[in-house]
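> What follows is each chain in one-letter form.
There are 2 protein chains.
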Amino acid sequence: MKDHPTSSQDHGTPAMNGAESVVRSLHAAGCEVCFANPGTSEMQFVDALDRTGLLRCVLALFEGVATGAADGYARMAKAPAVTLLHLAPGLANGGANMHNARKGRVPMVNLVGDHAVRHRGFDAPLTADVEAAARPFSDWVRTASSPATFAADAMDALAAAQSRPNKVATLIAPADLGWDAGGVVAPPPETAAFAPLDATAVEAAAGKLGPDTLLLIGGTALETPDAVAQAQGIAKQTGATVLAPTSNRRFDRGAGRAGLAKVPYPINMALEVLARFRHAILVEALPPVAFFAYPERPSLLLPATCDVLSLTGLDGDGPAAIAALAEHLGAAPHLPRAVLPPPPQAGAIRPDTIAAAIANALPERAIVVDESISGGRDIWAATQGAAPHSWISLTGGAIGDGIPMALGAAVACPDRPVLALQADGSAMYTIQGLWSQAREGANVTTLIFANRTYQILKTELFAVGANPGRSALDMLDLDRPTIDFVDLAKGMGVPGRRVECVADLQLALVAAMETPGPYLIEAIM
Amino acid sequence: MKDHPTSSQDHGTPAMNGAESVVRSLHAAGCEVCFANPGTSEMQFVDALDRTGLLRCVLALFEGVATGAADGYARMAKAPAVTLLHLAPGLANGGANMHNARKGRVPMVNLVGDHAVRHRGFDAPLTADVEAAARPFSDWVRTASSPATFAADAMDALAAAQSRPNKVATLIAPADLGWDAGGVVAPPPETAAFAPLDATAVEAAAGKLGPDTLLLIGGTALETPDAVAQAQGIAKQTGATVLAPTSNRRFDRGAGRAGLAKVPYPINMALEVLARFRHAILVEALPPVAFFAYPERPSLLLPATCDVLSLTGLDGDGPAAIAALAEHLGAAPHLPRAVLPPPPQAGAIRPDTIAAAIANALPERAIVVDESISGGRDIWAATQGAAPHSWISLTGGAIGDGIPMALGAAVACPDRPVLALQADGSAMYTIQGLWSQAREGANVTTLIFANRTYQILKTELFAVGANPGRSALDMLDLDRPTIDFVDLAKGMGVPGRRVECVADLQLALVAAMETPGPYLIEAIM
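These protein sequences, in sequence, are chains A and B. So that you can map any letter, position 281 of the first sequence is 281 in the numbering used here, and since no number is skipped, the others follow by simple counting. So that you can map any letter, position 53 of the second sequence is 578 in the numbering used here, and since no number is skipped, the others follow by simple counting.
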């Protein structure tokens, strides 16, 4: 499936084509990496990226790997990566991880090729509405309209991605605009300002703090250990409780940092934890919402009688707001007493023993990518006192972000070991990411939680009183045949091993994280 | 990620819930298979399918496998399968193969779960606009609005899918409507009629037939060997030329049947083949369009001076139209002299030798699934005289339909061997389909054309005069690391072997197609 330039005479001449103007502008604005799965209608970008050599190009074998890697990259680099995708079907393949990034307020710039303008009306086989396909998974969508304004469009996309809160921006690039001469490099966008802090909100928040007050902090505040420590200091002084949302873009935590509990995922636990609050103060967070609707349970998880004050919205500077509140109260930062990791265990691999193994094996400055779903439920608590680390997790509920995010995090931080906690069912959505990990020599240890079932769905079906028969279980169990993840990894150039007891798991984890390059451990649960 | 019924008291009582009414109605209307990748918001369907036992449920580990399998199933069963998908991100994952089915005018009914109605406004993590995500890849979209009308909506979806030409229909199913009581089984839709044949068009077509006339036939005509033979008879009598479009839903061909050449994919070849025609008569076909825009080449491939007559549109009965035209002319069916397959070759595996091996190895009644892209260019001609077979191929250009279509074809026709001709780059988009092939014991031989590159893109980049450097080649080559498809297959329960010469390939093909169940052959090119 391929395309020619529509103005081949412009190609290779001193006149800059549209694609080159876009690449040069993105680089000048600080973009360093492109995660790509190009087709014919993106060859002008492949050519421009190649000739200029300005961005590092990482090939993905499936678009969901490219968008998921861009997600993980941006969370760790605190700057967007660019993706390069092919027409509406290719964009759709990347949609689930665009969704996850969008829900996590992660910045992303997608360049999506389209047919040449004059070819659009003919209903060629690959024709579909690219803008319409982009919109459900993007905060900002535009189709470029001329080579001269193409780079300016890209800078508008970048500005949108970096605006507060960060966003997913998709620029659609008709093939001819990329090949045609007349490209003009555009200046980088202004640095996006946070929404200003409202001094009266600080005072109002201070007046509400007490033992029945929840201080819910998200966004950049969780990426700033000092801000978390200040929030804990506020809590210590006022008796309030600090929590983080259930799903977060990134959390920098571990020994020597003030940790936080999260609003629990299971609805009954969440309602129980939140029931006692009469006031809630939100910092870069929204009122917590249940993942799904449950019978005779509310969608909003705070008590209906709880009054909610937004100290900063999602577009605000959380650390500055927390600092202002702490100053107003005269509260000093506070580190709650460190909780040591549980001692290493022996025996079978279960959620509790795997949590202890991880907490003890985690090296200094690791990046933990969490898509462990049901098998990983004990790890958050167990790792509070583990070596300091960054924790990035699934934010939009669309499984299949873990392996790609680990790739992107490793590209962003080549000097930090990455540990991907990966449920087996979820791993299969974007398993192709292992190949890109091998190609890039990404320093990722993938730990597969092989319970061989969509456990979370099975639990739920039982919980609603169904008595599932063979047909239902066949749609939830992954054990016929069992998947051999070590073979899958080997097939894509990633070495690995299978472990069946937790002592072996711990040894394997330590060895894998000490060794550069990708490795996969399949833990049979 | 899971959901509870919102009206649990209705579950398991004699009152039928919405989901059960949908399942019972689909079954009564002749639907037999559901390709599923469900999540929490589809548990009501998992439960209803399980309790009723009315549809065969096939689990896919990725949504593109489910929609691609539904595509392959419908092409062979000549009836739609149902898919079960999870919210907007899951739908998007299935979008590329919905696109391929849509471009091939293949019938498909997608059931896509959404949040319960009351939960929609809260921007929960998995919330996105499901209708908007469905529209670019569907001909028909509706969101169900009550348990009582839910089954009638499903029958409207089925009617749309089976209308002429066949269509992709997507019904969005809020979770509460499935769990709530009050479901009412709806009657099957009427059988869709073809658009009536225009007798004056038959007369007009007869008047235009001559040596400078193209008769281009597609759709159901290609699935009807008698119609193709009649078209060849018309050509013999009048001097006209019969061709098939480049990409087709299905073609029943081989020894003892009248074959057809296709409009070539490469634009220069297509323009050359079509240049001499002054008249074109279309039967279930549209005027041929180039895949992409090319410099100084038209998008429409017929000469601008060629007059075009549509004997039947895409909604017409092609075989009846051809029969009427043949009768009008007094033309008898004609089978051009059989072209025997080329003799088996020895030595390296190249496009010509692999074509000979396939033509000789193909068993009687095989189903050939063609996503071989550049490596398979010689196979169509070589197999014209091979044992009679059905040929189904990529119709929308969105790579990643081959492995899933092979699964679906095998489910539709368990007594027929399936041979999937699969380019290596394309295989990686939906490689998870091998696991479902293993689980279902699908009688599929997957032949991987391992040229270890996106060859078609590389050819194109060279053709436009680019002198690609390391960065460009890195985005087109798949050889660092090489992918071991035998390991990948083994990891998903499919046995396989690698072959490096064409004699071994031929032996491996014959053995694999004689042995029930899935098998994978990686042919190093």
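Quick caveat, the hints were computed from the structure, so don't treat them as lab data. Fair warning: there could be bad hints in the mix.
With beta-carbon atoms standing in for the labels, derived distance ranges [as the list claims (entries may be wrong)]:
{"#": "1", "chain 1": "A", "residue 1": "Arg480", "chain 2": "B", "residue 2": "Ala553", "range": "24 to 32 angstroms"}
{"#": "2", "chain 1": "A", "residue 1": "Thr515", "chain 2": "B", "residue 2": "Pro939", "range": "53 to 61 angstroms"}
{"#": "3", "chain 1": "B", "residue 1": "Pro1041", "chain 2": "A", "residue 2": "Thr515", "range": "41 to 49 angstroms"}
{"#": "4", "chain 1": "B", "residue 1": "Leu811", "chain 2": "A", "residue 2": "Ala15", "range": "36 to 44 angstroms"}
Note that beta-carbon positions come from the ideal geometry of N, C-alpha and C, so glycine has one too.
> If a hint holds in the structure, say so; if it does not, say that too.
Comparing the hints with the structure gives:
no.: 1; hint: Arg480/A <-> Ala553/B: 24 to 32 angstroms; in the structure: 30 angstroms, holds
no.: 2; hint: Thr515/A <-> Pro939/B: 53 to 61 angstroms; in the structure: 47 angstroms, violated
no.: 3; hint: Pro1041/B <-> Thr515/A: 41 to 49 angstroms; in the structure: 43 angstroms, holds
no.: 4; hint: Leu811/B <-> Ala15/A: 36 to 44 angstroms; in the structure: 37 angstroms, holds
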